[in-house]
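Q: Go by the hints and put chain B onto chain A.
Going down the list, the protein sequences come from chains A and B.
Under numbering that gives the first Met the number 0, residue 291 is the last one in the first sequence; the count climbs by one each step, no gaps.
Under numbering that gives the first Met the number 0, residue 212 is the last one in the second sequence; the count climbs by one each step, no gaps.
Please note that a few of the clues may not be correct.
Simulated restraints, written as ranges between beta carbons of each label pair [unchecked claim]:
(1) B:P74 / A:E270: 23 to 33 Å
(2) A:P227 / B:E21: 26 to 36 Å
(3) B:E21 / A:G166: 16 to 26 Å
(4) B:A65 / A:K91: 51 to 61 Å
(5) A:E270 / B:P145: 31 to 41 Å
(6) B:P79 / A:K119: 24 to 34 Å
(7) A:A186 / B:A149: 43 to 53 Å
(8) A:R154 / B:A149: 46 to 56 Å
For the record, the hints were derived by calculation from the structure and aren't laboratory data.
Since the model is a prediction, treat every value here as computed from it, not as a measurement.
No residue lacks a Cβ here, since even glycine has one placed at the ideal position from N, Cα and C.
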Amino acid sequence: MSAIRVLSPGLQTTVQDLGRFGWTHFGISASGAADAFALRAGNLLAGNAENAAAVEMTLMGAAFEFEAATVIALTGSDFGAGLPLWTPVEMKAGQTLRCGPSQSGARCYLCVRGGLAVPKAMGSASTHVITSVGGRPLRTGDLLPIGNEAIRRPRPAAQAVPPLGDGPLRVTDGPQAENFADDLYHATYTVSEESNRMGLRLHGPAIASAAGHMLTEGAPLGAVQVPPDGQPIILFVEHQTTGGYPKPANVISADFRRLGQLRPRDRVTFERVTIEQALRVLQQQEQWLYGL
Amino acid sequence: MTIRPASDRSLHVVFGDRITPEAYASVTHLTHRLEGAREVLNLHPAYTSVLIDFDPRRYTHERVEALVRACLATPGPPDPAPRTVEIPVDFGGQCGPDLADVASHTGLSPEGVIERFTAVEYEVYFVGFSTCFPYLGGLPPELATPRLSAPRKHVPEGSVAIGGQQAGVYPLSSPGGWRLIGRTRLRLFDPQSVPPPLLRMGDRVRFVPEETH
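Bound conformation, chain A alone:
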């Protein structure tokens, strides 16, 4: 089986797919690509099923050597690889791909025709970094076997890639929304350096809550939770499955890709929308993906 060799691992480079489901009641969140939109698009462009395992790079890209000729698609943010993004590209046997520091957002995906044939854990190839379920971040010398699970020919380059946008993050009301005034919607927050795949920690004006002691309850992906210090945390792909902090808001599914591209020191604001509006935006995003 041919493989891709990791020449240098970058900052935090992992194998991801769309995540493992059915384990939150054991305290294990789904994990999966931080920008699932980019991973799905890259797989579709390379001729894969959208859930195929691919490489996720974070802030500083990795370098790879391809042992055999194949087709790849780079999606997400521009890590300066010198190849067009959102476009299937043929790689020759022995060719190297060198990614560098991000030129735009936090994450870049390397999708390979046939998918990565790495072992699955609990139904998914996704690396859950904090628990090591599904493996660990890549190191120099790792070999990533290339699978033969392509389902169709590579597609033409994607047209009119929906921009990430720099407007407010859109949220719907969370379970404790009534315990909060509108503080969240009138302030600008900065993404903290302590952010990771578990959560995006925000710094900014403290949010006051009328919520007293609350019972631990389930916490969904994208929940904005507010601990006693009033600094919001957005629960991300490796989030805790239950928690006891009140949640005034929840980021909409269509904006999860923006969460995956947020970098430390980026600024964010919030805008409240209805569930109907959230689902309409999601449908537009899905329509674009279906067109690939």
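A: The following block gives chain B in isolation, referenced to the frame of chain A:
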């Protein structure tokens, strides 16, 4: 009971704001009924609530709510028979740095705390937080001790702890604010074993003293 969206891809079912046997029975019943349901991606049971994640491209909140109501209206198969898991614990010393604080808070001797803590059987209310953390009901009320005012940055893997009126075990090293009274060498979470979690909702737990420092 209230049923409300928690996000555009999840529904929150709440059976009240106090922990009661009735509310908890509804949680376990609904969780068992929904396990494996086609509409459900993920379930987050807790003391009095169940959060249900679904794929918003395929299903609506209304559809999932109808499923929930149908599950609650019909008796399901009996809950799976509980298993009893014995957890060996080294109490006190470096393994349980807060044992003395729990003793002074409760007015007991450290030995008295251990004796009472190991005399009862606990029930796994649910498993959650960060990776297979079992929330245990059944702590003798006289052992209840408030959490630390500032959480520790690193609680060692296997730490056995009291947080308010609850008991729990930290499966992995993580931050945490509960009072650490001992440590087990039993691995609650092993990423290599499938299925990995040792404890599941409804299991019974007994703590067995191995060594006391």
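Q: Indicate, hint by hint, whether the structure satisfies it.
A: These are the hints, each one checked on the structure:
no.	hint	in the structure
1	B:P74 / A:E270: 23 to 33 Å	violated (45 Å)
2	A:P227 / B:E21: 26 to 36 Å	holds (31 Å)
3	B:E21 / A:G166: 16 to 26 Å	violated (46 Å)
4	B:A65 / A:K91: 51 to 61 Å	holds (55 Å)
5	A:E270 / B:P145: 31 to 41 Å	holds (39 Å)
6	B:P79 / A:K119: 24 to 34 Å	holds (26 Å)
7	A:A186 / B:A149: 43 to 53 Å	violated (26 Å)
8	A:R154 / B:A149: 46 to 56 Å	holds (53 Å)
Against the hints set out earlier in the document, violations occur for numbers 1, 3 and 7.
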